[in-house]
Structures are given as C-alpha cells and as structure tokens.
Amino acid sequence: MKFMTREVLLIAAMWALAGCGGGGGNSTPLGGNPGTDPGGGMSSGGSGGIVGGNNGYIPGIFNPSSTYAKQCAAPRAGTDDQSGSTFTENMFLRSWTNDLYLWYGEVPDTNPRGLSTEEYFQGLKTPLTTPSGRAKDQFHFTYPTAAWEELSEGGIEVGYGAQWVILAQRPPRKVVIAFVEPGSPAATQDLSRGGEVLTADGVDVINADTDAAVDQLNAAFFPVDPGEQHVFTIRYADGQTRIVTLTSSEITHQPVLMSGVINQSGVPVGYLVFNDHIATAEGQLRTAVNALGNAGIQDLVLDLRYNGGGYLAIASQLAYMIAGNSRTSGQTFEKLVFNDKHPNTNPVTGQPLEPTPFHTTTLGFSGTVGVPLPRLNLERVYVITSNNTCSASEAIINGLRGVDVQVYQIGSTTCGKPYGFYPQDNCGTTYFSIQFQGLNAKDEGNYSDGFAPANSQDAASIKLPGCSVADDFTRQLGDPLEGRLAAALAFRASNNTVCPAASGAMPIPGVSAKQSLSRADGIMFKSPARENRIMRKDLGNSLSF
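Quick note on our numbering: the sequence shown kicks off at 1151 and runs consecutively.
Quick caveat, the hints were computed from the structure, so don't treat them as lab data.
This list has only true hints and no planted wrong ones.
Straight-line C-alpha distance at most 25 Å; calculated BS3-like pairs for lysine-lysine:
#1 K1592 x K1485
#2 K1613 x K1592
#3 K1592 x K1286
#4 K1286 x K1491
#5 K1491 x K1592
#6 K1286 x K1485
#7 K1485 x K1613
#8 K1613 x K1286
Computed beta-carbon distance windows for the label pairs:
#9 P1277 x R1320: 23 to 33 Å
#10 T1437 x T1397: 22 to 32 Å
#11 Q1556 x G1446: 14 to 24 Å
#12 S1415 x P1502: 42 to 52 Å
Keep in mind it's a predicted model, so treat the numbers as computed, not measured.
Glycine included, C-beta positions come from ideal geometry on N, C-alpha and C.
The whole structure should be built from the sequences, with the hints applied where relevant.
Printed below as a string of structure tokens:
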C-alpha cells in the first residue's frame, strides 16, 4: 500500500501497519455464480446484490455479527479462529458496524464481495462533515491485534524515544523534536526538544521531493524493527549541529514526562506534563499528584499539548485528583451515548448504561486496586493544549467544566474527538470504529471542532478563557520562559485577564482556521493507544476504560 507522494512527507511506518490491517488476500473477482456465490454477483456498490444463502449479502438485511465472527481467511494457530474467507470477515464488519457504529444510518450499504478487508472497512463510516468542513469521522482505523495488546497495556513500541513533530509537510519541510523519552536511545545521544532534523540517512529532509527519497525518510524516522540503525543530522537553535546514529529499540513511554513546582512570586504553582493515557500512567499520576499536594500548590498548569488520549478511566482519575471530593462526589465524569439502537444498555458490555464517575481510587492499571487517590481540591486549572491534544485529554477538560472547575486554556485548538470506541479483534486485526459520544455532567460534548482559547481565530470551536500561543521549540518543557508555560504563568499573575499577542492560530489564506492552526502546530504521529478515547470491556461497565 502506498501512502507517500512527493508532496506529502512522512506517514509513519506504524500507521502503514495500522492501515494495512485486515484479512484481505483471498478475495475473489466480482461476478460469481448467483446460485452458489454467497456474496452475490454485483459490483461493490451493492444495491442489487444477488442472494445466495442464509449468510449471503442482502442489501438492508443484517445478520448478527456473531454469525460471521472469527471466520478468517487466514486462521491463526492456537486461537479459536475458524476457516473462512475475506467475504466472511467483511460480513462481520458490516453487521458489527450496523449494530454499534454511532452514525450507522449514514453508512453506505456496500456489497462486501470482491473488496479486501481493509478496503471494505475504510468505507464503513459516515461521509458527512462537521460545521468547519472537516470529515465527521476522522478516527476510523485498524491495528494488528498482537501489536495493539502489547502497546495498550505496556506502552511499548519500536522507535528511538524522540517524538517528532512535522511543522511543515512540503518543501521547505521542517521536522523537530518535541520531547525525548528518558532512558531511550535518543536520550542516550543527548538529543532534546527543539532539534531540527536536516538529513536522515543522507536524504535532505527539507528539500527532498522524489518518492524514493520520501520512502527513505519514512524508513529512517519510523523504524519497524528493533536494531535498525539510521543516521540523522540535527541542528539546534544555538546553531549547534550534530550527526548522530540512532538504533531503534522497544520504547517504553513515560506518560508523566515531568512534574514539579514553580515559585511564582512566593506562590507554589504545580506543573505537570502528561503525555499518554496508557496503563502505566495510573501509578505515575498518583505519585506526581501526591508530591504536588505535599508541596502545597495553589494552582496547577497541566500540560496536555502532546497528549492524544488513551484510557478514559485514567482521564477520570486525573480529573478527580485535580478537583477533589467536594465538586465530584456523586457527579458524572462522562456519560456515554451510543446510537439510537442502544439507549439504555451498553451494547458491548451488555450492562445498563451508567455514567463513568470521577474515579476516586486506583483501578488496577498499574498496581493494586482500590488505593485512594490523592487530591488537590483546585477550583481552577490552566491547561496547555495543541491540535495534538485529543480525545481522553479533551475529556479531562470537558469533565472538569461539567462540575464547574474553571478551565483556562493556553496554546491552540484541540483536535476535536468527543468520541470513542471499544477495540474489537477479529482474525488478528483490531478494529476501531466510533461507537459512542462522551457528555459531561451538564450534557455537554459537542466539541468536534475542538476547544480553543478565547482570543484565537478558530470560530467553529468551543471557546474557553485563555490565550492563543504558538509552541516554542527554542526552550525545554518546564522552563518558565518556554512560550506556552510563560503565557500560562503570566495569565495567572494578571488575574486571568492579560494574554500575549495571539500566535497559536494564525490564518493562512485559502484554508479554514482549523486547518491553519493544525499547520502551525504541526503533526505528531502516535500509535492508536496514544491518540484516542479507549474503553475496556473486560471489567464491566462500572469499570470501563
């Protein structure tokens, strides 16, 4: 599958894996025998499929997805997979989508015969758009099941530990380091935030414009296997240029990248960089918040600019630790709304629909279940955001707003994911298809065009008090002079009234404010476990994640 063109830089190799998941490979040409071909003989448009049996494709008729589950074109050894075909895998996806997809009524009923599983799945989503003109569903993807399980539980993926941000996709391109994971190969080489990559394996990152060159860049930036070695030339703001050889390895992400206390005119202000709602975050957040509480902080700057999401329950836990008991007791953190086929029952767990509460104890993600969580009891929080702030991170903002914690936003418009899903494995591929929307205690949740600071130029978004401020790669995270952190501190010191000149959402002629903002903030490629609102069904609805 070819993702790359000379006009667009770097679709990550891990996303190539995600995009190519599915059973395909044994599909047959269109036009089988009407009497024996279970898929009928019509084109993929499907409006006139020919019936060939009880389990065949009939437009508008959907058997239960269990009819086709685990009937695989390539059954996995040692599993309960059964022998099937690409067609049965597609039929599973068709029925599963019709039952659980949030906007099932907007999905074209396409004949699954003759399409690869990946091709078919990509068509099982709404074609409609949001008020700003963005695709209504931008969050439809697959992932190899084995890789997903390893990643979602342990936060492990192959890389160097340098999180790249693509600030300009076309020549002259610009790719910089946003942060470096502690103990990673990039950290060992003393790489740090702000380094701009000039060359990768001898290829000019800024100006390369051939398919072959982009393929080389893709291979260098996003290694697939541990042990790969690639050479990078990296330049820093002070003019220092370094040539380093990075060896890929299995990277364990550190969700809480840093936390500490800033003394602002004698007032202790907490600062917490939270990058991933993965399982290991539970213990790290508990430790960090406990330390901040012991330090007696009076305000908190929560840096979510690079947090794309993950487990919803961890978002609930952090929101509780910020707000404390008085505001959250008996309150809803997030209520899940499924499609109109399932108004009262969670269709995945089978349990009555109950809101996700503000979780007050550990849930066993990364330690003992039932340990009380520390709490800061804050009435307000300053949240640093970007267009890479998504999903479960946005749920923190929305959930706190629902119980009247004042959220001040510093940075730029969030990505706009009020939706989520339960991962669904079938035949070795895990599918992610939007199944619910999250609403806070005030039934608010329509932020599909994101949250934006009040002085931004992004008209379609939900506006919050705060300041539009561009990302600052000239200083390290945690430096009180770093642009967004400095703006948060100054805004706080001004009694939440004074912002610097808006710089996080500058308009680009001919494109929407949201598109303009995304270009200014850059694109950060992360795995699905780090960019979505994920629920787990194994512990039941009351402890869904």
